[in-house]
Amino acid sequence: MNYTFQYGVVWDNFGALMEGAWLTLQLGVFAFGGGLLIGLICASIKTYGPLPLRILVDSYVVFITNTPALIQIYFLYFGLPELGVRWSNEACVLIGLVLNAGAYLTMILRAGFLSVRKNEIEAGLTMGFSVVQQIRYIIVPHIAKSVYPALANFFIVVLVMGTSVGALIGVDELTGQAINLSSINYRWLEYFSVVAVLYVALTFVASIGLALLGRWAFRVKVRIF
Amino acid sequence: MDRIIEQIPRFFTADNMVLLLQSAGLTLAMTLVGCVIGFVLALVLVFLRQTPGKWAIPLRIICVTYVEVFRRIPFLVVIYLVLFFIQTVATNASLFTIAVISICIYAIAYTAEIIRGGLESVPTTQMEAARAMNFGRLRTMLTITLPQAWPIIIPPAIAFAVSFIKDTALVSQIGVFELTFRGKELNNQGYSGVLVFGTIALCYFLMSFPLSMLGQYLEKRLATPRGQRTSRKIRRT
Amino acid sequence: MPHLAVNELRARYGALDVLKGVSFSIEKGQVVALVGPSGSGKSTVLRTLVGLTPATGGNVMINDDRIDFASTASLRRARDQIAIVFQQYNLFQNMRIIDNVTVAPTKIKKRPKAEVRADAERLLAMVGLADKLQAFPDQLSGGQQQRVAIARALALHPEILLLDEVTSALDPELVNEVLDSIRQLAEDGMTMVLVSHEMAFVREIADQVVFMDGGVVVEHGPPAQLFDNPKTDRARNFFGKILRH
Chain S
1 MNYTFQYGVV WDNFGALMEG AWLTLQLGVF AFGGGLLIGL ICASIKTYGP
51 LPLRILVDSY VVFITNTPAL IQIYFLYFGL PELGVRWSNE ACVLIGLVLN
101 AGAYLTMILR AGFLSVRKNE IEAGLTMGFS VVQQIRYIIV PHIAKSVYPA
151 LANFFIVVLV MGTSVGALIG VDELTGQAIN LSSINYRWLE YFSVVAVLYV
201 ALTFVASIGL ALLGRWAFRV KVRIF
Chain W
1 MDRIIEQIPR FFTADNMVLL LQSAGLTLAM TLVGCVIGFV LALVLVFLRQ
51 TPGKWAIPLR IICVTYVEVF RRIPFLVVIY LVLFFIQTVA TNASLFTIAV
101 ISICIYAIAY TAEIIRGGLE SVPTTQMEAA RAMNFGRLRT MLTITLPQAW
151 PIIIPPAIAF AVSFIKDTAL VSQIGVFELT FRGKELNNQG YSGVLVFGTI
201 ALCYFLMSFP LSMLGQYLEK RLATPRGQRT SRKIRRT
Chain A
1 MPHLAVNELR ARYGALDVLK GVSFSIEKGQ VVALVGPSGS GKSTVLRTLV
51 GLTPATGGNV MINDDRIDFA STASLRRARD QIAIVFQQYN LFQNMRIIDN
101 VTVAPTKIKK RPKAEVRADA ERLLAMVGLA DKLQAFPDQL SGGQQQRVAI
151 ARALALHPEI LLLDEVTSAL DPELVNEVLD SIRQLAEDGM TMVLVSHEMA
201 FVREIADQVV FMDGGVVVEH GPPAQLFDNP KTDRARNFFG KILRH
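Residue numbers (the working numbering), protein chains in the order written: chain S, 1 to 225; chain W, 1 to 237; chain A, 1 to 245.
Honestly, the hints are just simulated from the structure, not real lab data. The reader is advised that the hints may include incorrect statements.
[Stated by the list, open to error] One side of the interface only, derived from the structure: several residues of chain S facing chain W at Cβ under 8 Å:
| id | residue |
| --- | --- |
| 1 | 129 |
| 2 | 161 |
| 3 | 168 |
| 4 | 170 |
| 5 | 183 |
| 6 | 185 |
| 7 | 194 |
| 8 | 200 |
Idealized CB from N, CA, C, for every residue including glycine.
Isolated chain S, as found in the complex (with noise of 0.2 Å):
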């Protein structure tokens, strides 16, 4: 292999680099943020929500899950404008991913949802507890235990592999503009192996965060590797 790296020119361009994981840490909050939202509701209606609602929510998760978040991204960038529904390709991006990390997130806070077992409750009213005590003190610790170190996790995968398919439909977020650059002068691997880098930083940093906040807000102890 007589390829010569040349890191120069990526030094050079790291200014767009970091905008490109400025981009990319926003969407992941955002699109975890929004599919938090949704996860929230539609697990609540699964597991106390009348049947047809129960049924849509299903639809939704099962059909969601079960296609590729760029299919959904396309879907949205390439196909609503035919129908009358024109939106920026940040603003697919950030739809696609939150409707899609709603569907994930619903069925991890349901699990949550479902480890609260009746004798729990029953007990927090036989100690006197009012609903919302119990809701405050009881519920919501033993959920928040039982799920967040899959949140944490799942926020890892947005912010990785969700926020990157945005490079196919011209976002400019990390990959984006490691595609972006690398086109102009061809330094592909460098480009790529620095990105792959700044990649890895940024998670270890999120994961870190994470694992404090999971730490101070709820006791729960996070495993950073």
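Keeping the supplied structure of chain S fixed, place chains W and A upon it in accordance with the hints.
Only chains W and A this time, still in chain S's reference frame:
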């Protein structure tokens, strides 16, 4: 909307369906080959990672780093790295090969964790009994721990492979004629995006959903203790 | 020349010294019982002899062969001649009873399959399990599993057999079936080192009793002497407590 309905008979032609079927086949083949090879290599990785002794510390660090790093890099970035790396060392490698290698690299990182978890679920006393009888490490893994860990390993490994069918959509970017690439091509030919990507989504669903059901069935079946699974029960005395 | 001589054996778990130089020896065909309070290191002696707990010092002589625990080859030789039966039986859960017994002789010792199979069937018949060859371990009772474990150890044709509290995990009514198998072995002249809390059994079967406390041998001698006339306070204390009830 009218345009979509008008296109339906032109889109669902035998030719187009055969094309889609071929692409779906390619998607499945890619995933299967990549994940199977990845799984076998992951077994090797886990074995190396468990090498005892001081001299093996660098080896263990490499194994841990591999798993950690590739779980934190987007699949798309891995695809690009493999594509351009392979092209500098072997210019005539096919795109299919490049796709399979990318899938493999990713599958190793994920299934290695599944395998490790499975092996760690086997009580250490089983390993001790083997060691006391002079079993080597490899033989212990192949004849004692792995057979006992299969019920723990296989369901999540299948779930991973099934879920990876969807992620292979990203290799469309380097021009492998798989399902998503075919979809983009049809869309470029002027077919409605709603129609094309709706159909493609359905194709993925038809592959992913039954297979994930199969995975769940296997998980339940493997979770049943052997005593209740075999038809001729031997009574406890 | 003793069949097995343990010299100044040392071992530690982390920072804790579990064995602080243990020595004893045993003649061919004899039975030695290691007794003592829990945490005294008796089981660690057995585990160290087969290399499950790394030794930090000392050595072992089997016949004339010096086993040095720092060397892997030497350790393999020790395992070749010593077989161990565990408290929790540790049968391979994925194998049928017959395979549990034959796997090591065929795969590790490379003895002919037919010969090993016949040998295994004989041994399983000896421990009274001739009808369970095709069962899986989880289909047997604890006592049956422990007898399979004994057959599995014997199938290795060991010079010396180690028995690590083989009856303590069993329900009381199952203890005797296992003790019977061990009695049979003693009559056949098998050299054995056993750790046991069954003092009546120890008294009956052991030629020599080694009393351990705090990782050292405090006193040793024939069972009658140790049980009835211990020289040290610690031994007197221990046996006094145990034998009174």
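Against the structure, the hints:
For residue 129 of chain S, the interface hint is violated, the least distance from its beta-carbon to any beta-carbon of chain W being 36 Å, above 8 Å. For the restraint placing residue 161 of chain S at the interface with chain W, the shortest Cβ-Cβ distance is roughly 6 Å, inside the 8 Å limit, so the hint holds. The criterion of a C-beta within 8 Å of any C-beta in chain W is met by residue 168 of chain S, whose closest approach is roughly 6 Å, and the hint holds. A cut of 8 Å between beta carbons decides the hint on residue 170 of chain S: the least distance to chain W is about 12 Å, and the hint is violated.
This hint is violated: residue 183 of chain S has a C-beta 11 Å from the nearest C-beta of chain W, more than the 8 Å allowed. The beta carbon of residue 185 of chain S comes no nearer than 13 Å to any beta carbon in chain W, farther than 8 Å, and the hint placing it at the interface is violated. The closest approach between the C-beta of residue 194 of chain S and any C-beta of chain W is roughly 10 Å, which is over the 8 Å cut-off, so the hint fails. Interface hint at residue 200 of chain S: satisfied, since its Cβ lies 5 Å from the closest Cβ of chain W, which is below the 8 Å cut-off.
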